[in-house]
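Start from the sequences and build out the full structure, keeping to the hints where you can.
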Amino acid sequence: MWNGRVFTLRKSSGADVSARVGSLVEHYHGGDRGIAAKRIGIKPELLDGLLTGDWRQFSLDALVAVIRTHEVTIDWLLGSSESAWEAAAPGRPAMSASRIEPERLS
Numbered sequence: 374m375w376n377g378r379v380f381t382l383r384k385s386s387g388a389d390v391s392a393r394v395g396s397l398v399e400h401y402h403g404g405d406r407g408i409a410a411k412r413i414g415i416k417p418e419l420l421d422g423l424l425t426g427d428w429r430q431f432s433l434d435a436l437v438a439v440i441r442t443h444e445v446t447i448d449w450l451l452g453s454s455e456s457a458w459e460a461a462a463p464g465r466p467a468m469s470a471s472r473i474e475p476e477r478l479s
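The sequence shown runs 374 to 479 under the working numbering.
None of these hints come from the bench; they were simulated from the model. Possibly wrong hints are sitting among the right ones.
Said to hold, decoys possible - Derived CB-CB ranges, DEER-like:
id: 1; residue 1: G404; residue 2: D427; range: 19 to 25 Å
id: 2; residue 1: I408; residue 2: S453; range: 15 to 21 Å
id: 3; residue 1: G426; residue 2: I447; range: 17 to 23 Å
id: 4; residue 1: K411; residue 2: S453; range: 24 to 30 Å
id: 5; residue 1: H400; residue 2: G426; range: 16 to 22 Å
id: 6; residue 1: G395; residue 2: L433; range: 16 to 22 Å
Built from N, CA and C at the ideal position, the CB exists for glycine as well.
What follows is the structure, given as structure tokens:
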């Protein structure tokens, strides 16, 4: 419970989240991981980690960048929402990576 609201997170697998990230990469970047990483503003290795289906290889910074760049909700990305993702009209480019905060890795 937070701020008087109860949040329920459906148990999602890493593979589910990776599939959602993959669908964004396919739709907005033609499936090109290199272009996607550049537009999202993350290192290609971090995007590759998000696409492995292995929670241990996920980066929180990379997930946040994907969410901000593609204007999806964390609920949708983590599968805790029953709503389906609807792609923007064809030809709509993904947001510029300059609109997200730079990644900070230790």
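Comparing the hints with the structure gives:
1. G404 - D427: 19 to 25 Å: Holds, at about 20 Å.
2. I408 - S453: 15 to 21 Å: 29 Å, violated
3. G426 - I447: 17 to 23 Å: Check passed, 18 Å falls within 17 to 23 Å.
4. K411 - S453: 24 to 30 Å: With Cβ atoms ~29 Å apart, the hint holds.
5. H400 - G426: 16 to 22 Å: Holds, at about 19 Å.
6. G395 - L433: 16 to 22 Å: Given a distance of about 19 Å, which is inside 16 to 22 Å, the answer is holds.
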